[in-house]
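Residue numbers (the numbering used here), protein chains in the order written: chain P, 1 to 279; chain C, 280 to 564; chain Z, 565 to 994.
Just so you know, these hints were derived from the structure itself, not from any lab.
Where is the CB? At the ideal position from N, CA and C, for every residue including glycine.
Careful: at least some of the hints might be erroneous.
To be verified - Derived contacts from chain C toward chain P, CB cut-off under 10 angstroms, selection only:
id	residue
1	Leu287
2	Lys323
3	Leu330
4	Leu402
5	Asp405
6	Asn413
7	Pro446
8	Gln457
9	Thr506
10	Gly540
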Amino acid sequence: MRLTRIVEEIIFYIILAVVMTTILFPIYWMAITSVKIERDVITDVPVFLPTYITLKHYEDVLIYQNFTRYIVNTFIVSIIAIGISLFAGSLAAYALTRLGLPANLDNIFLFITLLVRMLPTGAFVIPLYLILDSLGLINTLTGLAIAYQIYILPLSIWLLLGFFRSVPIEVEEAGLVDGASRLTVFRMIILPLVMPGLIATMIVDFMTIWNEYFYALIFLTAPDVMTISVVIGGYLTEYGTLWGQLCAAGLISSLPILILASYIQKYIVESFGYAGIVR
Amino acid sequence: MRRKEKYLSLFFLLPSLLIYALLIIYPLYETIHLSFYKYRYIEKKIEFVGLRNYEKLLSYELFQKAIINTLVFDVMATSLQLLTGFTLALIFSKSFKFRPIFLPLAILPMVMPAAVVCSIWKLMFDYRFGILNNILASIGLPRLEWLTNPHLAMISMVIVDTWQYTPFVFLVLLAGLQSIPRELYEAAMVDGASKFDIFKSITLPLLMPHIKIVVLLRIIDTFKIFTKPALLTGGGPGDATETLTLFFYKEAFRFFELGTGATVSVIVTVIVGVLSILYLKRVRL
Amino acid sequence: MKGVSKIILVVVIVIILIGALAVYFSMAPTPKEEVVTIKVAAPAGYHAESIKVALEFWEKEYPNIKVELSTFGYHDLYEKIVLSMREAKAVYDVIQIDDPWMPEFGEAGWLANLDELAKQYGFEIDYDDFVDTALWVGRHPYKTGPQLALPVCGNVELTAYRKDLFEKYGIPHPPKTWSEVLAAAKKISENEPEVYGTVMRGMRGNPIVSNFLPVLWAFGGRIIDDKGNAVVNSPEAIEALKVWLELAKYSPPGIESFSSDEVKAYLYSGKAAIATEVWPGWVGKLDDPTVSQVVGKVEVCVPPGEKTSPAPMIGVWLLGIPHNSEHKKEALQFILFLTSKRIQKLKSLYTGYPPTRKSVYEDETVVNKYRWYPVQLEALMTSRPRPRITQWAKVESILGLYLSKALIGEMTPEEALNAANKEITEALKG
Chain P
1 MRLTRIVEEI IFYIILAVVM TTILFPIYWM AITSVKIERD VITDVPVFLP
51 TYITLKHYED VLIYQNFTRY IVNTFIVSII AIGISLFAGS LAAYALTRLG
101 LPANLDNIFL FITLLVRMLP TGAFVIPLYL ILDSLGLINT LTGLAIAYQI
151 YILPLSIWLL LGFFRSVPIE VEEAGLVDGA SRLTVFRMII LPLVMPGLIA
201 TMIVDFMTIW NEYFYALIFL TAPDVMTISV VIGGYLTEYG TLWGQLCAAG
251 LISSLPILIL ASYIQKYIVE SFGYAGIVR
Chain C
280 MRRKEKYLSL FFLLPSLLIY ALLIIYPLYE TIHLSFYKYR YIEKKIEFVG
330 LRNYEKLLSY ELFQKAIINT LVFDVMATSL QLLTGFTLAL IFSKSFKFRP
380 IFLPLAILPM VMPAAVVCSI WKLMFDYRFG ILNNILASIG LPRLEWLTNP
430 HLAMISMVIV DTWQYTPFVF LVLLAGLQSI PRELYEAAMV DGASKFDIFK
480 SITLPLLMPH IKIVVLLRII DTFKIFTKPA LLTGGGPGDA TETLTLFFYK
530 EAFRFFELGT GATVSVIVTV IVGVLSILYL KRVRL
Chain Z
565 MKGVSKIILV VVIVIILIGA LAVYFSMAPT PKEEVVTIKV AAPAGYHAES
615 IKVALEFWEK EYPNIKVELS TFGYHDLYEK IVLSMREAKA VYDVIQIDDP
665 WMPEFGEAGW LANLDELAKQ YGFEIDYDDF VDTALWVGRH PYKTGPQLAL
715 PVCGNVELTA YRKDLFEKYG IPHPPKTWSE VLAAAKKISE NEPEVYGTVM
765 RGMRGNPIVS NFLPVLWAFG GRIIDDKGNA VVNSPEAIEA LKVWLELAKY
815 SPPGIESFSS DEVKAYLYSG KAAIATEVWP GWVGKLDDPT VSQVVGKVEV
865 CVPPGEKTSP APMIGVWLLG IPHNSEHKKE ALQFILFLTS KRIQKLKSLY
915 TGYPPTRKSV YEDETVVNKY RWYPVQLEAL MTSRPRPRIT QWAKVESILG
965 LYLSKALIGE MTPEEALNAA NKEITEALKG
């Protein structure tokens, strides 16, 4: 018995090692490229451990090109956009799973949500530009955040739908029977139970927006509100890719979400036990 | 009481509906409307052509290839990502020592900007200077033409897409796994069920809603693949990796033929819609 | 007593305050100089670098005109400036334009007439010093119309080859015809196991077309004839494609997805003998030991001819003013500054940015630093532009697709060019 346990453990760790290596190898390559001198980037014999390391690319990106500004901008857009979508999304998901809706409206709503997800976001760019322009929202981070709802609102609704569905109705009914209002029930009972779902949705929304490129390009015009993806696109020039800066910028821009994920991962991973309730 | 509830529920849906109205109605109308015109944005030339755009596109060889390529890519990528994402979710649902460190690292691929991802992979795929071929050569295997063999190019794109988007599937399924009550597992183990049985009868069924949703989302998303063919292969070699969104982007934003662009968008949306409906019918969400 | 002192104290403070306010308000406001901000859109990379170098001098000499520089990747820049000029409100005052975009913008009337503007504001444009061919692409109609944009980056296509290897095998250099190049490539690759004869850009789209055009033109082929018909399947063109495919045989595997990165890699690492198509921005560091492994071994020359004299492809960048800009005067000043002799020389010395003025190309200090500048000037002066049509993007895309198919052997040269010609004819109708 003991032996099978140990063998299982070993197999598990081997699989884990293989998986993590596959995932992280390109990242490792990015990391060393970000500190290599130009001569070592494209070489006949691959350079795994460069003999010369330079921090010049980071210096260029962070200091000369003011990259931190762009990260802040992207962060602001994300927060606003996610705030809107989680708010609207969780309300919608709750209504769809708990409250009856007149005349099949819930199916229609879901269908519209699915439809939005399928829409050609690229084709909408110019009409959206005109709409945002008339509202004075071009070149503003708020305007971009609103435009992003096309991407993330359906996503949030669909994801949250699944998570809301998996919360048993009995829990709620208990609360209602005790005389609490719907809103209170939502806040005090449901919300904590769907927390892992909310967090997962938030991270996924973040990742969707963080690297979104096309809308950011078209709806923002001035350099002081630019987001990172447009700036990073600029490192691919017709005269050759600026490898060092590209990789440095890429790694820097992934840090915020990495840090965010490290802090909130426990909300996704630890189970919120249902103490005594069995479906 | 019921009436009040019905209004309350509409109230709950209001924010989403408002957003949809603002962002969707006019652009959608414009897009469908434009698809019946020839519209050169720069020259400001508009000409009504009825269904001619649709005729021309659907009989254009490159467009047909794009449809096939996109469908093939979609099926391959979605299946592979479901597999890898699920595996990762299973691995990380078990609590092990380095999990707090590895979990953020595991989602790193999706957090990287697409331009960086594609450039690095292109470098890694290079026939001579790329690390992948160098590793293959060092263990005596032949070098592969990752991006220049028409069939391999498509597979290379699937690899990059899987590498990048597995975290999406992974996170959703992980959260899904976490929402399965522990007591169910405990009760089953007390009853003497084997690990396999538990997986089959408890985990899989309860995870199904999440799996169905995530697969649907991936089917829809991978259909829009654009950055990878644009940066890795330019749609080549020949037309091996031409995809619908790449085709659209060239029409609409390089040639600024907005009429044709709109037509492509409508066709793409219809195809995706049909795929989704077929999927939902089979899967009964 | 205490109460009275308090009151006096308060009164004194109030008086002082009122006095201070009176003094402040009576101070004649320093006449605030009008500060105008102009928004400039330019490509990222070394174009942006060169503008930043120029800005260091601009800020001191024109403190009243602030420049807000936005930089974008190539295609992004195109989209941004099109959107900006098409919609009513101008977003940019100065835009950097790639020469193939000029016909479209010129036809749409989107660019301000620089001649008129200069006259209106009393500025002089010394056209004589600029290289003619570079000026011509900035005019609409080509060569004869008014100047709508001034050339700022003297980009022209060149050829680079390993002088040391040519000498080793007794091959005369520089190669004057593509046949010579082919023979050289064959000889070198047969005798040097580590070196490929040629390295070319084969990625579908702009890279493969740009690489093919000089060969096409050298064989007398053209894309569009004088009457505006597509002739890309003429006998000359087919012959050119066959020769081009021969050249490609000596290139490293994977050429079907090569863009500038790969060509540079092979050239700089010494793994290729001839790079048939290079641009000034790629060859700047050939003599820099921290980057190049072939210091002093590579020579740059005007691309070879064959049936006709060499016709290097021009690819200059120009600066123009959108028609809806509200600061045209300041925009013109900035453009004249960036294209002035002094600033072009500085840009060239600091960043290697190719000039568009003959005087800068011939300046001693500059030539000392960049030994191939005379060759670049010659190439620029004999260069030829891509067809001046508004549908160039589409034509290039069609040609790019079929060239790629020919390269991988999916179609024969005749099939590929015939198919391309058919589609291009169709596209030209629209």
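Hint check results:
| no. | hint | in the structure |
| --- | --- | --- |
| 1 | Leu287 | holds (7 angstroms) |
| 2 | Lys323 | violated (13 angstroms) |
| 3 | Leu330 | violated (18 angstroms) |
| 4 | Leu402 | holds (7 angstroms) |
| 5 | Asp405 | holds (8 angstroms) |
| 6 | Asn413 | holds (5 angstroms) |
| 7 | Pro446 | holds (7 angstroms) |
| 8 | Gln457 | holds (5 angstroms) |
| 9 | Thr506 | holds (8 angstroms) |
| 10 | Gly540 | holds (6 angstroms) |
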